[in-house]
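In order, the protein sequence lines correspond to chains A and B.
Heads up: the first sequence runs through residues 1 to 620, numbered per UniProt numbering.
Heads up: the second sequence runs through residues 1 to 620, numbered per UniProt numbering.
Incorrect hints may appear among the rest.
It does not matter which identical chain is meant; a pair holds if it fits inside one copy or across any two.
To be verified - 30 Å max Cα-Cα, derived DSSO-like pairs, lysine-lysine:
| id | residue 1 | residue 2 |
| --- | --- | --- |
| 1 | Lys319 | Lys620 |
| 2 | Lys221 | Lys88 |
| 3 | Lys221 | Lys210 |
| 4 | Lys187 | Lys202 |
| 5 | Lys40 | Lys69 |
| 6 | Lys401 | Lys50 |
| 7 | Lys154 | Lys528 |
| 8 | Lys562 | Lys173 |
| 9 | Lys401 | Lys78 |
| 10 | Lys50 | Lys210 |
| 11 | Lys187 | Lys247 |
| 12 | Lys367 | Lys94 |
What the hints contain is simulated information worked out from the structure, not anything from laboratory work.
Protein chains: 2
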Amino acid sequence: MYKLNVISRALYGGRLYSESATQRKLPTKRLREKISVYLKVLGSPTIESKLIPYKENVRRATEQVEEAKRNNDSEAVKQTVDLLKNAKEQLQIKEYELMPENGFVDQLSLYDLLTNRFFFDRSFTSQPGLIDLGPAAVAIKNNIVNEWRRHFIKSDRMLEVECPSLTPAEVLKASGHVDRFTDFIVKDVKTNDTYRADHLIKEHLEALLKDKKLSREGKEKLEKNLSQVETLNADELHSVIEEFGLKSKNGNELSRPTPLNLMFAAQLGGQGENTAYLRPETSQGIFLNFRKLLAYNGQRLPLTVAQVGTVFRNEVSPKHNLFRLREFTLCEIEHFYTTSDDIRLKLDKLLDMEFTLWSAEDQEAEKSSRNYTVKGALENNVISNVIIAYYMIRSAIFLTKIGIDPQRLRFRQHRRQEMAHYANDCWDAEALTTVGWVELAGFSDRSSYDLKSLSQGLNIYLSISSEDLEYPKVVEPSFGIGRILQTVLEHSFRQRNPDSEPKNPYFAFPLTVAPILASIYPIVRDDKFNTYITDIEDQLKDADISFNVVDTRYSIGKRYIKADELGIPFGITVDDNTVNNGTVTIREITTMQQITVPVTKVGQTLSDLIKGRTSWDRLK
Amino acid sequence: MYKLNVISRALYGGRLYSESATQRKLPTKRLREKISVYLKVLGSPTIESKLIPYKENVRRATEQVEEAKRNNDSEAVKQTVDLLKNAKEQLQIKEYELMPENGFVDQLSLYDLLTNRFFFDRSFTSQPGLIDLGPAAVAIKNNIVNEWRRHFIKSDRMLEVECPSLTPAEVLKASGHVDRFTDFIVKDVKTNDTYRADHLIKEHLEALLKDKKLSREGKEKLEKNLSQVETLNADELHSVIEEFGLKSKNGNELSRPTPLNLMFAAQLGGQGENTAYLRPETSQGIFLNFRKLLAYNGQRLPLTVAQVGTVFRNEVSPKHNLFRLREFTLCEIEHFYTTSDDIRLKLDKLLDMEFTLWSAEDQEAEKSSRNYTVKGALENNVISNVIIAYYMIRSAIFLTKIGIDPQRLRFRQHRRQEMAHYANDCWDAEALTTVGWVELAGFSDRSSYDLKSLSQGLNIYLSISSEDLEYPKVVEPSFGIGRILQTVLEHSFRQRNPDSEPKNPYFAFPLTVAPILASIYPIVRDDKFNTYITDIEDQLKDADISFNVVDTRYSIGKRYIKADELGIPFGITVDDNTVNNGTVTIREITTMQQITVPVTKVGQTLSDLIKGRTSWDRLK
């Protein structure tokens, strides 16, 4: 992960994304257990490798205890139990030492803040699956989308298109979505309440797992079922429901699982003469324009097309704010190709970059994820498609740039049975969040599925003649912007006083995504400051730096706290020194340190920081 | 219009948006007549004022002919007819002289080009009302939206929100949309074909108007009916249909007009338990968040909130590409206020700016539009609301900046009977296009309608208590981005050889909206150019200048022609001089002139041009 961390450090203006917590107080037992669970879920190959000897000691001590018990040697039992206790403590202390500093997110405090400062809130008071983004979150989202366009579209000179959400039924029939874009639901046979079958099973099994008296075999069985639940078909879901005797939340019998299509239907035209659906993904618009885009591209492959757009999915149980919505923004790329020569050339510069991969094979063998260089992943055939490897590492760089913690980022390969109907191979970029690992982006090898099925179903649209026997293949990277936004908020969240009140929360956003880059503070209300404020405003406008001017209702300290809550990285204070000496102070959010600069240099200084021409460390 | 023209000139790099055509060849009779019609439709106050003496001469000569006829004085008839003929010719020559140079748009040639280079095309082959934007148009659209955000949101530090399209029915019931967001349709009583009543009447009356034998009274009656058709209610539409004996396109009787709601319905949830509509405007999301936004704003008014989003309208007869779509992007602002003091301060700097206004009173009195300074419009009470005046002039500046010809831009006030159900006063920014005057933006004084009606219908959402007796008022500027995009394409379209083939079309886009700013051309295929190309690429990336590299399949001349068709303003040619002397040529699209610059200065030179630190005139 070295290089991603370097990116991360550079973007945070030289501040270190600390990796250990050696300086903290000794932990309570409860905290040590919490850390154990966290590290198990995190499954970081770097941390796990450092824990191996400690875990080995625990394993060996456990064996010794068991042997002593078998031998009924009470003295040896006493000794080995002490040994085991000691080994466990050593492991926990090591775990504590290796615990990533910002790994624990104070979920309650964060989501209170997000609501209080209107980052986002449920739309229409409480309509499930629909979210309103407030001013700070819209600004961050726009910055993320702009950075996405810069990082992918501009840098690789992709073609961007924009197609409507309303899509005629025959298109989504031909693409397979009408028949196969479904979730399985079960109904309470008495009340008719609807549940998503996999969610119901998951909740039930997770509740069972909390039983302390559970046998090891029982636990393993539950864990195995849990890991597969999303991949089961209707009959398999039904078997699990029968086996564990699942009931509805009202305690009633459940119907057999049936598929429910996730698309919203709409009627087009004055008489509703055409059935359409709101698109559940943006890619069909790209495929249908394939011929026109190929012509635009001078009839040459590779052809790389991107689309940023809203998609709609009638989720049965939307939840976790932006993590599962009924309407959200997707950023998608379709890379059409017959050879990967051009990508190999670009990949040459990235071969030594590292990322964390969790292959289908390792998942099935119940092994952890591992760190690979791009080169290693290709040579060992962990990633078989060089184009998928290219977009995965490029995405790791992108996600790190915008504030996703590389230590909480992994790429997980889909197992055969969980693959979408159009995919040949598929990897998800996943981030560890307060609700567990969440998919932020998908990388699927769609081969020539789409062009073939659309052209067979819709020859008229694509006007591909029967002579076109060879179709180009397609790799599709696809990014869920809402999920990325919420993860950036979680991974950037900090508290100055995590253990007391007020906790003084702030966000350590990368400068590229911060909602507003600077606040201007007149120290008190006085007209003599006006010309300086106007001067600074003009400098910031010229440098295209977003800012606000904060009135003097509150003390300067209170105003800093409020700016911290929005994650505004810089505060420019205009005071008597400005009038007397022509200087202002600039305060930086993560260090709370201040520097003094001439009022005439404010725009230049911030511009240099933002463009990376200097760093806060060098200035302070 | 002086100042808007100055903006226009500055943006086009010092090139003059020519206002007259004195150098052109003498026109044919047909062209002179075409010009007369064009200028009548344009109704430019500047041009009309210059034509007054010529029109007066025609009027006087006509009277003299009539008098001579009444006197049966054949000699005088002959003399005065000659006089009249001469007066008419003088008028037409003056009209020809005053005809704006780029006023006539070669519609066929433009729309051929837009299709051939995939600026846009009908989605799904021919689904009415849905459009796919291709790469060049998406880039231009993104530039327009970015400029809108800079010009309005950033500059006035508005709060931006993002709300979903899916909106519960009760919200749109409370806002009045379920009952009143309708068009009147009529049906062919035999075939059941559906027509929009106003469109059917309009087409019929326009056809009747072409009858050369029509009496003056008949003509005036038709024109009066035509001007009112969009404002009629069901009974009035029925009367007109009866009066003119309108039939369906199949010649059958028509049903009485009935209202058809323009919103698309969708069912939310696993069992479709909630009826929702796709929003037809973005403003409800802002109103519903009023309390939260007011809190975010420190409980202070004015509060100015913006939203950029997709809206949906089930138009009965979508047409004219992006001018009337079923799904399009709106950029809306809600300005909540109790006083206009802050706006008056900002407006102070804009009081001498001019715009063209067509008041309801002038429309009803069948008078032309007039030019006003902002000051004049307010003093004469043509615009009664100072906040509307502020947004109108700011919008005139914005529209001019992005490439709308200020000579083809006017602001038309709604007459009482055409006002939307929520509006107190309303003005449209309209542009003259190939299909006539098209509304690009609306400015409506919604008073406190929305907050009142939503809080009465939806107290739970807004949580406005009964003590809140005073509601702030609202002014809403609203921009249709698709229409603006298509108008920019029309107003920027040029032909190097309008009278012969090939016409060599190009676009004179302002640099802020051009889809790609520069093309890099190796003169021929040769690896020796690679390092120079990479160097230039790096410079352009650093300066955040969009570019492409054009392969050598075609001659350099052919490549220039293809870049002209996309409106790429600058072409950088790398040739033997680059290798020998370290220089490249830069070609500018409108002048086709080239300058030679050191290869090391390419990024700096283009950056200076784009930021307005220099102009092409100064460089060449």
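Hint check results:
In this assembly of identical chains, the alpha carbons of Lys319 and Lys620 never lie at most 30 Å apart, being 44 Å within a copy and 60 Å across copies at closest. For the homomeric pair Lys221 and Lys88, the shortest alpha-carbon distance inside one copy (26 Å) is at most 30 Å, but the shortest distance between copies (97 Å) is not. In this assembly of identical chains, Lys221 and Lys210 lie within 30 Å of each other by CA distance solely inside one copy; the values are 14 Å within and 83 Å between copies. Taking the shortest alpha-carbon separations for Lys187 and Lys202, only the intra-copy value of 16 Å comes in at or below 30 Å, while the best inter-copy value is 54 Å.
With identical chains, the CA atoms of Lys40 and Lys69 are at most 30 Å apart within one copy only, with a shortest distance of 29 Å there and 106 Å across copies. For the homomeric pair Lys401 and Lys50, the shortest alpha-carbon distance inside one copy (27 Å) is at most 30 Å, but the shortest distance between copies (60 Å) is not. For the identical chains of this complex, Lys154 and Lys528 are inter-copy neighbours only, at 25 Å across copies versus 45 Å inside a copy, given an alpha-carbon limit of 30 Å. Taking CA atoms no more than 30 Å apart as the test, Lys562 paired with Lys173 passes in neither setting, with 51 Å inside one copy and 38 Å between copies.
In the homo-oligomer, the alpha carbons of Lys401 and Lys78 never lie at most 30 Å apart, since the shortest distance is 53 Å inside one protomer and 84 Å across protomers. For the homomeric pair Lys50 and Lys210, the shortest alpha-carbon distance inside one copy (28 Å) is at most 30 Å, but the shortest distance between copies (88 Å) is not. In this homomeric assembly, Lys187 and Lys247 come within 30 Å of each other (Cα to Cα) only inside a single copy, at 10 Å, whereas the closest approach across copies is 53 Å. In this homomeric assembly, Lys367 and Lys94 come within 30 Å of each other (Cα to Cα) only inside a single copy, at 21 Å, whereas the closest approach across copies is 86 Å.
Hints 1, 8, 9 from the earlier list are contradicted by this structure; the remaining hints agree with it.
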